[in-house]
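Number of protein chains: 2
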Amino acid sequence: MLELFVDIKDELQAVENELSEVLKADYPILTETSTHLLNAGGKRLRPALVLFGAKFYQFNLEKVMPLAATLELIHMASLVHDDVVDASLTRRGMPTVKAMWGNRIATHIGSYLSAKSLTLIAKYEDRPLISEVLSDTSVQMSQGEIIQISSSFDVNQSIREYFYRINCKTALLIAASAQLGAVACGAPGSIYLPLRRYGHNVGMAFQITDDILDMIAEQGQLGKPVGGDLRQGIITLPVIYALGRCEDKKRLADLAVKVHKSDDEVDEALEIVRNCGAIEYSFDIAKKYIAKAKAELRKLPDLPTRVTMSMAADFVCARKF
Amino acid sequence: MLELFVDIKDELQAVENELSEVLKADYPILTETSTHLLNAGGKRLRPALVLFGAKFYQFNLEKVMPLAATLELIHMASLVHDDVVDASLTRRGMPTVKAMWGNRIATHIGSYLSAKSLTLIAKYEDRPLISEVLSDTSVQMSQGEIIQISSSFDVNQSIREYFYRINCKTALLIAASAQLGAVACGAPGSIYLPLRRYGHNVGMAFQITDDILDMIAEQGQLGKPVGGDLRQGIITLPVIYALGRCEDKKRLADLAVKVHKSDDEVDEALEIVRNCGAIEYSFDIAKKYIAKAKAELRKLPDLPTRVTMSMAADFVCARKF
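Protein sequence lines correspond, in order, to chains A and B.
Its first residue numbered 604, the first sequence is counted upward by one per residue in my numbering.
Its first residue numbered 604, the second sequence is counted upward by one per residue in my numbering.
Mixed in with the good hints there might be a few duds.
Same chains, same names: a pair is fine if it fits in one copy or spans any two.
[What the hints assert, rightly or not] Straight line, CA to CA, 25 Å or less: simulated DMTMM-like cross-link-like pairs of lysine to aspartate or glutamate:
| hint | residue 1 | residue 2 |
| --- | --- | --- |
| 1 | K612 | E764 |
| 2 | K726 | D739 |
| 3 | K627 | D739 |
| 4 | K666 | D739 |
| 5 | K627 | E735 |
| 6 | K666 | E735 |
| 7 | K627 | E764 |
| 8 | K646 | D689 |
| 9 | K666 | D729 |
| 10 | K666 | E728 |
| 11 | K627 | E665 |
| 12 | K890 | E874 |
| 13 | K853 | D866 |
Derived by calculation from the structure, the hints in this document are not laboratory data.
Assemble the whole structure, with the sequences as input and the hints as a guide.
So, in structure tokens, the structure goes:
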């Protein structure tokens with residue numbers, strides 16, 4: 604567990620138990636894959652945000668627990684499907700479901716996890732906003748992934764298109780997490796809207812940082828190979844910046860559009876991006892999102908949770924994994 | 604459209620329009636894949652059952668249309684994912700999404716369609732049974748597919764296991780279709796429970812017939828190659844029967860467990876199954892399910908729709924595609 608989450612340690616443990624309970628199954632293959640996914644860990648950022656958000660209005664663990672579990676299940680499902688699509692063999696340093704059980708099982712496990720999340724949301728019939736937000740988010744998440752695939756190897760995409768894409772694939776679910784815990788407890792818009800915007804901004808910063816780390820992390824730190832996005836043709840913020848501004852932009856474009864790149868070519872492209880200020884530029888943008896996230900927090904009641912959420916926002920940019 | 608559905612022609616057209624509307628998207632790739640799927644057709648059995656069921660209690664097209672579209676979207680999503688998993692290149696004689704756009708797009712299109720269905724269900728907050736049944740059904744559908752994969756090439760499975768599997772993968776969604784149209788219109792259990800059981804029995808017969816057709820259809824009639832299940836190691840009712848009863852059961856078992864079968868080996872296995880009465884036995888079971896489905900209809904008010912539904916049940920066993 605992240606140090607940051609120490610105040611909600613017990614609640615997060617309750618969510619963990621809920622997840623184990625939900626994923627308990629009669630069939631060995633389902634138990635094995637679920638246990639594998641639960642043990643593979645993850646930061647549990649989304650459940651933590653659900654819990655934090657709920658603290659601002661008549662916090663009730665019973666009410667938010669299924670929701671916190673739901674958000675993690677939706678996230679897990681998207682990771683399992685992404686691993687099928689990206690053909691990734693490791694994540695967080697562990698073998699993926701795809702690597703252990705193959706594409707066919709992984710495709711259905713992703714759908715199984717999504718469906719399991721629906722059984723939990725069904726409990727919130729008195730809060731229609733929850734299913735509205737989550738169904739909308741799910742649509743846009745898939746849409747974001749599809750756009751990412753169809754725009755891969757396209758070196759003419761704009762920063763605006765990049766922002767749209769990362770909002771779909773990452774920020775919307777984090778925004779929903781921050782918003783819906785409060786919604787589940789019956790909070791009004793004056794509470795859940797700043798929370799949602801906080802989540803959106805944190806989510807944007809989170810994905811930009813992820814995209815930066817993919818270009819600068821030491822091998823081993825990420826739990827997956829460096830330069831993976833470039834290899835797959837995913838054009839991220841540092842690359843878009845470098846394609847527009849750096850001296851070697853012609854060479855970078857030639858490398859970026861190559862469907863099969865050698866390790867040397869990936870290294871060369873990474874060097875070009877790293878040497879033209881693209882990383883610093885991207886970090887600055889991430890930090891601007893963090894500043895916006897913190898500004899939203901100031902609209903909320905002055906509780907200790909606000910401080911933790913502010914630290915969580917900083918962590919998103921400072922992390923190395 | 605099936606001749607059988609002539610009484611609900613206009614309503615089915617309204618559902619078709621609703622589907623087009625729901626799948627309208629800003630991104631060319633999403634519009635193309637959706638249009639492809641809609642044009643690829645299908646019998647629209649599930650929307651038809653939603654409409655039929657609703658006829659038994661204060662029929663209201665506005666109320667049932669989003670639900671009818673939802674059921675078709677869930678079905679479509681499962682087909683798109685199945686084609687990824689089964690590596691199928693054609694379905695209903697048309698190229699699959701997987702064949703046209705690849706595995707990566709197809710995986711996300713499947714999730715996109717599921718998510719779209721959720722946005723429609725969100726409209727039924729006053730009928731919690733609808734989201735309960737559909738979330739439960741979705742879980743079991745994925746579970747059924749996973750069990751099918753993990754039991755493939757297993758020649759020791761029982762008929763009971765086969766029934767469990769086809770209930771998950773096919774009958775539950777058909778049962779939900781028959782049930783939920785009436786639920787959406789506010790019908791009591793005395794109406795929607797017989798409808799659900801009708802759907803279950805029709806669904807079981809439907810899948811058994813599908814599994815039989817996979818072994819006896821003329822090439823070209825199915826829109827996909829004959830013997831596909833055997834090739835993939837899916838052990839269906841006729842094979843389970845033959846493995847238990849026929850003279851050549853040892854040889855059949857040897858062929859069935861082979862992961863890579865030549866065309867001659869598939870033909871030989873099909874011959875063994877066809878020559879031992881397994882097809883007739885399986886048809887008899889399908890017909891028993893149809894008889895049970897019709898018995899459920901007799902518990903419903905005596906409307907003309909009852910006659911159509913009885914004919915629909917017969918059609919399931921009589922069809923050649």
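Each hint tested on the structure:
1. K612 - E764: neither (38 Å within a copy, 42 Å between copies)
2. K726 - D739: Both: 18 Å inside a copy, 12 Å across copies.
3. K627 - D739: between (28 Å within a copy, 15 Å between copies)
4. K666 - D739: Cα proximity of K666 and D739: in one copy and across copies (22 Å, 21 Å).
5. K627 - E735: between (27 Å within a copy, 19 Å between copies)
6. K666 - E735: both (18 Å within a copy, 18 Å between copies)
7. K627 - E764: Cα proximity of K627 and E764: across copies only (20 Å, versus 40 Å in one copy).
8. K646 - D689: Answer is within; shortest intra-copy Cα gap is 21 Å, inter-copy 34 Å.
9. K666 - D729: both (11 Å within a copy, 20 Å between copies)
10. K666 - E728: both (12 Å within a copy, 18 Å between copies)
11. K627 - E665: For K627 and E665, the Cα distance is within 25 Å only inside one copy (20 Å; across copies 39 Å).
12. K890 - E874: Answer is within: at 23 Å inside a copy they meet the 25 Å cutoff, but 69 Å across does not.
13. K853 - D866: Answer is within: at 19 Å inside a copy they meet the 25 Å cutoff, but 52 Å across does not.
Hint 1 from the list above is the single one not met by this structure.
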